[in-house]
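**Q** Construct all of the structure, not just a fragment, from the sequences and the given hints.
If you're matching them up, the sequences are chains A and B in order.
Quick note on numbering: the first sequence equals residues 24 to 239 in the working numbering.
Quick note on numbering: the second sequence equals residues 39 to 505 in the working numbering.
A hint or two may mislead.
To be verified - Within a straight-line C-alpha distance of at most 30 Å, the following computed DSS-like cross-link-like pairs (lysine-lysine) qualify:
id, chain 1, residue 1, chain 2, residue 2
1, A, Lys237, B, Lys43
2, B, Lys284, B, Lys43
3, A, Lys237, B, Lys284
4, B, Lys204, A, Lys198
5, B, Lys204, A, Lys237
6, A, Lys198, B, Lys90
No lab work stands behind these hints: they were computed from the structure.
Since this is a predicted model, take the numbers as computed values, not measurements.
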Amino acid sequence: MQPFTTLDGLVVPLDRRDVDTDAIMPKQFMKSIRRTGFGQNLFDSWRYLDEGVPGADCSDRPLNLEFPLNQPRYQDAQILLCRDNFGCGSSREHAVWAIEEFGFRVLLGTRFADIFFNNCLKNGVLPIRLAPEVIDSLFVQVEQTPGLRLQVDLPKQQVRCGEQQWGFEIDSHSKHCLIEGLDDIDLTLERAGMIERYEQQRQQRTPWLFEPVKGL
Amino acid sequence: MAEAKTLFQKLWDSHRVVDLDDGEALIYIDRHLVNEVTSPQAFESLARRGRKPWRVDAVLAAADHNVPTLMRSQGISDELALVQVRALANNCQALGITHYGMDDARQGILHVIAPELGVTQPGMTIACGDSHTSTHGAFGALAFGIGTSDIEHLLASQCLRMRPLKTLRITVSGTLGKGVSSKDLALGIIARLGASGGAGHAIEFAGDTIESLSMEARMTLCNMSIEAGARIGLVGVDQTTIDYLKGRAAVPSGDAWEQAQVYWREFVSDEGARFDRELAISAESIQPFVTWGTSPDMSCTIDGRVPHPEDVEPLRRESYTRALYYMDLCPGMAISDIRLDKVFIGSCTNARIEDLRIAASVVKGQRVAPGIRQALVVPGSGMVKAQAEAEGLDRIFVDAGFEWRDPGCSMCLGMNEDRLQPGERCASTSNRNFEGRQGAGGRSHLVSPAMAAAAAIAGHFVDVRNC
Chain A
24 MQPFTTLDGL VVPLDRRDVD TDAIMPKQFM KSIRRTGFGQ NLFDSWRYLD
74 EGVPGADCSD RPLNLEFPLN QPRYQDAQIL LCRDNFGCGS SREHAVWAIE
124 EFGFRVLLGT RFADIFFNNC LKNGVLPIRL APEVIDSLFV QVEQTPGLRL
174 QVDLPKQQVR CGEQQWGFEI DSHSKHCLIE GLDDIDLTLE RAGMIERYEQ
224 QRQQRTPWLF EPVKGL
Chain B
39 MAEAKTLFQK LWDSHRVVDL DDGEALIYID RHLVNEVTSP QAFESLARRG
89 RKPWRVDAVL AAADHNVPTL MRSQGISDEL ALVQVRALAN NCQALGITHY
139 GMDDARQGIL HVIAPELGVT QPGMTIACGD SHTSTHGAFG ALAFGIGTSD
189 IEHLLASQCL RMRPLKTLRI TVSGTLGKGV SSKDLALGII ARLGASGGAG
239 HAIEFAGDTI ESLSMEARMT LCNMSIEAGA RIGLVGVDQT TIDYLKGRAA
289 VPSGDAWEQA QVYWREFVSD EGARFDRELA ISAESIQPFV TWGTSPDMSC
339 TIDGRVPHPE DVEPLRRESY TRALYYMDLC PGMAISDIRL DKVFIGSCTN
389 ARIEDLRIAA SVVKGQRVAP GIRQALVVPG SGMVKAQAEA EGLDRIFVDA
439 GFEWRDPGCS MCLGMNEDRL QPGERCASTS NRNFEGRQGA GGRSHLVSPA
489 MAAAAAIAGH FVDVRNC
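**A** Shown next as structure tokens:
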């Protein structure tokens, strides 16, 4: 995972609530056994005017110029400003892979769906929750200020916009993994002895839980 | 006296391997269900990093999302889908994971087959790379969807890092009216809570209405918890749970059955247990629901009308307007005037035997309306299909003009050939009415199996209570 410490990035607004992962990554483009190649189909049905073909190159497709991601002023944005309940619906991590591959490193919103939020943290994408009034105000500022940039400082847990500054919450484990670019599996496996002890104790009390799933 | 605990707390405590910094815990997972769409990258990464699976005998795999529901003997014609389905079979074979392929009689939607095989049991933790894993909470199990990174984490360690959720108890009392099902209850609750109202929470469904529901109906309710934003739905264990489990393939027998029963019955919330939030619902207030929009909380009762965006709070107005534009509906239109192109009876929400029995009872002796281009019945599993055929339900559907298909997720998400064409409108027993969910440009209305069946006969929505 790509480490994340600080970011000074352009912001693009996506002013819709309840953006679901089907919209972020439509299912027809998920028929891949790889982790890459999803960025070009991010928000496919909103970004393009035609119907996409799975596996095909998108560079010649007609763009929907009303969609913020296609507008010149937001090119190369690395921060996506979202509304409430972003990432709801399906657990597909492909949605986050597409977001990351497209170039976003930070999502700002009031609330993210639980599974999506976790998936972001595992992929070097930082979802930041800010108060509704801050998010409202950022939507206004982004609209009014072409080229608006924000500075995100993960070690200090701060977002800065000119003179304004807001703190944000993140759990210390996710913060550590993001800063170091770690996946947490090795950290868990350092506790292999504890997992084995748990299994042994549990097997004594509830042996049927350890019956193999097979030959049913 | 010991502290009164919620069902969630009991499940959490009994699976906590170790408390970690910052309020997280390492939680042991008893069962891992694996599908073909969200797992390949996890298997690939596991192998690439030289990690060994911790406990393959806790894993059950089946291809469900991508499989065709027609002419299976000819294999999968979609090359991209075939690659995923093959990858799952190969990964499972290489690691020794139990896998039910498309030609296996036990194949089906994972959230249908795990319960019917008895793989899902009370007091367990169950995870799967699919958000509708909440379904299994109907058994008093802690069950939730995870992403692909967590699939790898789980394969490697049999554990997940988690933070305890807040608890929300929804107490439903009274009797659901005739023709009103747990799907309507689910849609009614989602309308009340909103699509994100349950975020960060495990929802426990309680009360005498819930106690009177079958396991199938409870599964429908827990399945839809995620549509209110709650990753976990729960129902406490009772005699209905135990009766459902008895004799199922993976359920313990003999002395172990007796021992297991005693243990399972602990998985209820204690009297006096405290929940972070409570909500009370009267069953009598629930009527057949139909969604009109592009989020599961955009619904109204069958006797209602499509809402006017100006009647809602400003924050929602724009999403209402956008939803009505996408759905091509006018404010003020009667729900019963919405004409349909397709009908889909299926999905992990509503493709169990009880759902098919109810739908069949509505269509029996009638014909699908001429305006309906396609009416599909897709059983949730091979076992549901066989049972339905033994009861003659397939004949009822086919005689009425429905297509009787092989099991899979099918048109719920349109990853296989079963999908809506742009502009087509569908009455669907599935769980999501998102833009493009059932096919790019398709328009989905979520309803119960009875309401979908009645709509197929009428060609538009009708109140099944009058059928």
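**Q** All hints, please: hold or fail.
**A** Taking the hints in turn, this is what the structure says about them:
no.: 1; hint: A:Lys237 - B:Lys43; verdict: 34 Å, violated
no.: 2; hint: B:Lys284 - B:Lys43; verdict: 27 Å, holds
no.: 3; hint: A:Lys237 - B:Lys284; verdict: 18 Å, holds
no.: 4; hint: B:Lys204 - A:Lys198; verdict: 22 Å, holds
no.: 5; hint: B:Lys204 - A:Lys237; verdict: 35 Å, violated
no.: 6; hint: A:Lys198 - B:Lys90; verdict: 27 Å, holds
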